[in-house]
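Trainee: Letter by letter, the chains look like this.
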Amino acid sequence: MNVAIVGRSQVNGVLQKHLAEQGFIPFLVDDIDDIREFNGEKFKFTLRTSRNSINAGYVIVTEELSNERYLDDTPLKDTSYRSIDDIGDLDKRGTENWPMAFILDFPSESPAYITAEALENAARLAVRKKRVLYLARFMRTAGSDVESLYKRARNSGVTFIKYNELSINYDQDAGLFQIQAKDGYDSIRIETPEVHVAGKAVPGSGIGKIAKLLRLKQDKNGFVNEGKSFLFPTLTSRDGIYFLNTASLTKAEELLERIQFTVSEIKSEVNRIYKNSTGCAKVLDMPMDFSGTDVVINDKHAVVDAGKCAFCYTCFRACPHAAMAPDYENSVMKNLSNSCQACGICVSVCPADAVRITGEDREEGRIESNTLKILCCENSGEIAVKKLRDELSEVYGKVSVTSVRCGGDINVEAITSALKQHEKVLVVTCMDDACKHFEGNKRAQRFVERVKEMLKASGMDENRVECLKISHAMPYVMLDGIREMI
Amino acid sequence: MIVAEQKPLEEIMKSLEGFERIAIAACGTCVTVCMAGGEKEALKLASILELKGKEKNVPVKVKVVTPKRQCDVEFLDDVAEDIQDSDVVLSMGCGAGIQFMAERFRGKLVLPGVNTKFIGVARDVGVWTEMCQGCGECILEKTGGVCPVARCSKSNFNGPCGGSSGGKCEIDPSIDCGWQLIYNRLKELGRLEKLYEIIEPKDWRSSRDGGPRRVEKKEVRIDA
Amino acid sequence: MTVEKSNLQRILEAGHFSVTAEIGPPMSADAEFVRKKAREMAGIIDAANVTDNQTAIVRMSSIAASYLISQEGIEPVVQMTCRDRNRIAIQSDLLGAYALGLRNLLCLSGDHQSFGNHPQSKNVYDIDSIQLLKALRRMKEEQVFISGKPTKKPAEFFLGATANPFADPEELQFIRLHKKIEAGAQFIQTQAIYDVEKFASWMEKVRKAGLHKKAYMLAGILVNKSLKSLEMTKKVAGMRVPDGLVDRMRKASSQEEEGVNIALELISEIKKIEGVSGIHIMAVGWESIVPTIVERAGFLPRPKL
Chain E
28 MNVAIVGRSQ VNGVLQKHLA EQGFIPFLVD DIDDIREFNG EKFKFTLRTS RNSINAGYVI
88 VTEELSNERY LDDTPLKDTS YRSIDDIGDL DKRGTENWPM AFILDFPSES PAYITAEALE
148 NAARLAVRKK RVLYLARFMR TAGSDVESLY KRARNSGVTF IKYNELSINY DQDAGLFQIQ
208 AKDGYDSIRI ETPEVHVAGK AVPGSGIGKI AKLLRLKQDK NGFVNEGKSF LFPTLTSRDG
268 IYFLNTASLT KAEELLERIQ FTVSEIKSEV NRIYKNSTGC AKVLDMPMDF SGTDVVINDK
328 HAVVDAGKCA FCYTCFRACP HAAMAPDYEN SVMKNLSNSC QACGICVSVC PADAVRITGE
388 DREEGRIESN TLKILCCENS GEIAVKKLRD ELSEVYGKVS VTSVRCGGDI NVEAITSALK
448 QHEKVLVVTC MDDACKHFEG NKRAQRFVER VKEMLKASGM DENRVECLKI SHAMPYVMLD
508 GIREMI
Chain R
14 MIVAEQKPLE EIMKSLEGFE RIAIAACGTC VTVCMAGGEK EALKLASILE LKGKEKNVPV
74 KVKVVTPKRQ CDVEFLDDVA EDIQDSDVVL SMGCGAGIQF MAERFRGKLV LPGVNTKFIG
134 VARDVGVWTE MCQGCGECIL EKTGGVCPVA RCSKSNFNGP CGGSSGGKCE IDPSIDCGWQ
194 LIYNRLKELG RLEKLYEIIE PKDWRSSRDG GPRRVEKKEV RIDA
Chain F
11 MTVEKSNLQR ILEAGHFSVT AEIGPPMSAD AEFVRKKARE MAGIIDAANV TDNQTAIVRM
71 SSIAASYLIS QEGIEPVVQM TCRDRNRIAI QSDLLGAYAL GLRNLLCLSG DHQSFGNHPQ
131 SKNVYDIDSI QLLKALRRMK EEQVFISGKP TKKPAEFFLG ATANPFADPE ELQFIRLHKK
191 IEAGAQFIQT QAIYDVEKFA SWMEKVRKAG LHKKAYMLAG ILVNKSLKSL EMTKKVAGMR
251 VPDGLVDRMR KASSQEEEGV NIALELISEI KKIEGVSGIH IMAVGWESIV PTIVERAGFL
311 PRPKL
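Residue numbers (our numbering), protein chains in the order written: chain E, 28 to 513; chain R, 14 to 237; chain F, 11 to 315.
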């Protein structure tokens, strides 16, 4: 099976080697500007450049980060600030009485390798009895060995300061940096001649292009799949496309681990599906690609009713997994079932009511009048409800719960239908940034707002419906919400 | 396409007060795409109407029909039975559709469910902007493909007014100055000299000012 | 056929530095209000603009108010916007204005009605200001209406237009200025100037293009009575007011006096710039200060031709 490697990176060679070793045929596409077309879904991707056309089962995107020196375009650029790796020869350093500041001022979590380096050096200075202040906008949380580095730094005596707002000035005459940091409650002023500022890692310029072409989600800082714990280590919003990111690495060996992980993931999936569809377990006999075949990976996916579809592209734009594609022959959208995660966002936004999820039976038939209907997503509310079994028993007779795959599937119609049989409806979805389908929770929130508007405008009680965004680890917040509504 | 916006719900509810058998005629083309009056929106309205009916203990029954378009009579014929069985019809079609429905279903009260706004395009999911006014005589050749009639707030034909600032229109900073857009485009195309030509006063007879218009395609008219 | 030239035209053609001011008509039918303002400026200026429903606020019409001030011995510059009237009404009103003896005309697009007190009105904009200038020049030269039909006694105005040296994009605004002059503008009144340096560099471009030889450039000066007035001016789109001036006003012991001083300083610098043919003083709401300014700027007595 072909696996396309897209991007210009030093790891391409290593990646090619690993893929070949596992029986795949790697195709390298390193001139992103030369890509004319990219379509398809897992197992059936097609990529066309000016020179050739490739069918691939999977795509791995590689791209390096580039580094920007933090203070380069500020008035402080000519002052004596140091970078985080410049702590001088520790043996030759004398006793300094001033606090040394390490500053990691990024709008998002810093790349792990930068954090690791800063923590290591801060610890080394602190162990030598220097006063070290570590100021950061974010404390890195997920995904790597920095946990132990934080611990070591703390034990060595490093003081950690988390802030929302930061300003740095330089007093030429005194030779001192004046730092002011605020966290919304307090503010701190520090004066010191020694400041270590971490450089900023930004996505390379090619990442924007690749993300657009391959329709991958980027966060507001331009990183692909950064910060989403459910995408770690190399998944992306699009099934079948992997991204070898380097921002959460602390050591070069980790990159190799990621490559191995990705390739083995692909291999085991191919094995499983190939085995399921052909009954044959031999990997080496796998075909070049599955295009033109009917290999179905997902049995729960969206289906478009061609008679109703207005070909308006709304589902195409709204799908977080790029699982809708235009069928020009029939002038309708069709669902790419291998990419579809059945989140239901397309169903909710389709203005022609033309999309359904297969195998779904809507609640229509059943009549159960309870006081409260909870419509929740399986990643947040459903789990929380299970944890609340005892507490809910006191109100058990009054509550009915329906769980769906994603908040994005809880649309206006679903809510108003529920209101016909229940006094109140509580919609429970994941918190911002935690939605597995990226913005399904926000869509649910908008739908609830619309229902409230409609209730108010028709002289009915808008408090009959509420929306709660929680994590499954917050069942008591949900319990409070339920009690308030009943 | 024609872009419309659903009427405020208070207005719709008020106009349907007292009716028990309501037909909502969505439209499967333009108003579907701009999310003002497609089947989805019609179902939402039906739901809220029935909910309200339940609250007031009135047996409100709403039937939603979705002709593919309301501006071709055959699609209306398809839904005639459901329309006949209703006391009132809320048409979600554009101004043309609503009027056509009223014509076709003479004895029925047909009420508008949307406010028809303009001919426009989709800018993003859920955002549409005005592009064309239907002035009847297109001069886009002279202005690099940007229309001064529709996109300049004053329909200036010969350049911006003094209020254009930072590329935005003085009456609303979210509106791009049409003439800034024209200038940018002609510059890109290397046709800036077009701007030096004085465009003469428009003959407004080709637009609605000349009276309600009619277009005929001779090629397919064989009667008389 | 000899065209009866207006006072303003003759003064400019004779090479004198012109001084014009502005009168804002009342939001009522009060004729005495207009006459009083005119009397305040008698003998002080060469002509006074009479605004036409400025900022789309309904006021006595420019033509009517212009006639009233002409009766008091002040030569008016009638203003005509394209916002409220179609080509039929515009030509008709202008024939009447000329018949009443009015000879100067400033052609404008007009502020959008959303700024005024009748935002619900339909906006006309049948023709734009450049088309209007061209039509009136044609009327002078060929004695015809816009439709091409002839008129035995055409209106033959001394035509003017506006320009904003501070608007963007520069290239586009310059093309528009060029077009206005090609279309028939014989004098140009600029938007109020506070940033003399920027204005001077704009005038350099004007001179380079030879436009100052084709049309008379009259520089606009706004006289602010108070800090509030200056701050409000600063907020208007297209205006460029340096912060230094706002500070001056804020620190001044008498804001009125400072407003006058600022205006006088600006005038003295602007009149030195080559290609500037006159000063246009806008002291709307404070017309009574105009004689003071004109006198202290050394423009009296006005030439009598």
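Hints are computed from structural coordinates only; laboratory data are not their basis.
Each hint should be verified, as a subset may be incorrect.
Below are the DMTMM-like pairs computed for lysine to aspartate or glutamate, each with C-alpha atoms no more than 25 Å apart in a straight line [unchecked claim]:
| no. | chain 1 | residue 1 | chain 2 | residue 2 |
| --- | --- | --- | --- | --- |
| 1 | F | 224 | F | 192 |
| 2 | R | 155 | F | 180 |
| 3 | R | 69 | E | 480 |
Trainee: If a hint holds in the structure, say so; if it doesn't, say that too.
Mentor: Right, here's what the structure says about each hint:
1. The straight-line distance between the Cα atoms of residue 224 of chain F and residue 192 of chain F is roughly 9 Å, inside the 25 Å bound, and the hint therefore holds.
2. Distance hint between residue 155 of chain R and residue 180 of chain F is fulfilled; the C-alpha atoms sit about 21 Å from each other, no more than 25 Å.
3. Only pairs whose Cα atoms come within 25 Å are accepted, and residue 69 of chain R paired with residue 480 of chain E is accepted, the gap being roughly 19 Å.
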